[in-house]
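Student: Listed below, chain by chain, are the residues.
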Amino acid sequence: EAGVAQSPRYKIIEKRQSVAFWCNPISGHATLYWYQQILGQGPKLLIQFQNNGVVDDSQLPKDRFSAERLKGVDSTLKIQPAKLEDSAVYLCASSLDRAGGDTQYFGPGTRLTVL
Amino acid sequence: AQSVTQLDSQVPVFEEAPVELRCNYSSSVSVYLFWYVQYPNQGLQLLLKYLSGSTLVKGINGFEAEFNKSQTSFHLRKPSVHISDTAEYFCAVQKNSGTYKYIFGTGTRLKVLA
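Protein sequences appear in the order of chains A and B. With the numbering used here applied, the first sequence covers 6 to 120. With the numbering used here applied, the second sequence covers 13 to 126.
Same shape as in the complex, but just chain A (with noise of 0.2 Å):
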């Protein structure tokens, strides 16, 4: 089975300026996850679905981040505009449900330097 995708691999851009990523959840996973992973730290979860509504986004700085997962399938995050402190591998996982004990499959990241 396909795996999680994800989109750009690496991105550069300036502060003040905007980005947005993209996630493909493995075929079937309700739920959908997008962490911040930033250099010598474990993973931090921004946001959370379930299906196309948000379960958790309490750790979403939601005065320049946004997420959205229309349909119930692919999602994107966006920052705008972005900082400095915003550089990090930003990571998305699915699992089938978020029942507990459930495995989440993570894509390979995207890497955000801002300058």
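Check the hints yourself; a few may be wrong.
[As the list claims (entries may be wrong)] Here are the computed distance ranges between Cβ atoms for each label pair:
#: 1; chain 1: A; residue 1: Leu75; chain 2: B; residue 2: Ser82; range: 42 to 52 Å
#: 2; chain 1: A; residue 1: Lys76; chain 2: B; residue 2: Ser96; range: 35 to 45 Å
#: 3; chain 1: A; residue 1: Asp102; chain 2: B; residue 2: Asn80; range: 36 to 46 Å
#: 4; chain 1: B; residue 1: Arg121; chain 2: A; residue 2: Asp102; range: 27 to 37 Å
#: 5; chain 1: B; residue 1: Gln57; chain 2: A; residue 2: Gln46; range: 12 to 22 Å
#: 6; chain 1: A; residue 1: Thr81; chain 2: B; residue 2: Asn53; range: 20 to 30 Å
Don't read these hints as lab results, they were simulated from the structure. All figures in this text were calculated on a predicted structure; none of them were measured in a lab. For each residue, glycine too, the CB sits at the ideal point set by N, CA and C.
Since the structure of chain A is already known, use the hints to place chain B on it.
Tutor: For chain B alone, kept in the frame of chain A given last:
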């Protein structure tokens, strides 16, 4: 709220030697426990998980972990490591109710030396 502590940020070990990567957690509710591995320039992949039952869990690539409720630990072990095991290892806990949110530790970089 849950939290995860990985006590060692880096662990160097010689090839064919045993290794233990430590993970401690805290939570006021029941949790599920996971170990994920991240190879360079790749996403995370599941090594093993504890949901219930036997406290000794076996995973892929010869890894195993033991859940210790009294010590709130879930240490990862391998009796003999290979060069290819060089990677970042993340312990994670998931609350088993509500949003079923994952919390990841800060990771342990395992470097296997020839």
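Student: 27 to 37 Å was suggested as the range; check whether the CB atoms of Arg121/B and Asp102/A agree with it.
Tutor: Distance hint for Arg121/B, Asp102/A holds at roughly 32 Å.
Student: With respect to the beta-carbon atoms only, verify the hint that Leu75/A and Ser82/B lie 42 to 52 Å apart.
Tutor: Taking Cβ atoms as reference, Leu75/A and Ser82/B lie about 47 Å apart, which means the hint holds.
Student: Could you say whether the range 35 to 45 Å given as a hint is met by the Cβ separation of Lys76/A and Ser96/B?
Tutor: At 40 Å between Cβs, range holds.
Student: Could you check the hint for me, namely that Asp102/A and Asn80/B are 36 to 46 Å apart, CB to CB?
Tutor: At 28 Å between Cβs, range violated.
Student: Kindly confirm whether 20 to 30 Å is satisfied by the beta carbon distance between Thr81/A and Asn53/B.
Tutor: Given a distance of about 23 Å, which is inside 20 to 30 Å, the answer is holds.
Student: Within 12 to 22 Å or not, the Cβ separation of Gln57/B and Gln46/A?
Tutor: Taking Cβ atoms as reference, Gln57/B and Gln46/A lie about 19 Å apart, which means the hint holds.
Violated hints amount to a single one, hint 3; each of the other numbered hints is respected by the structure.
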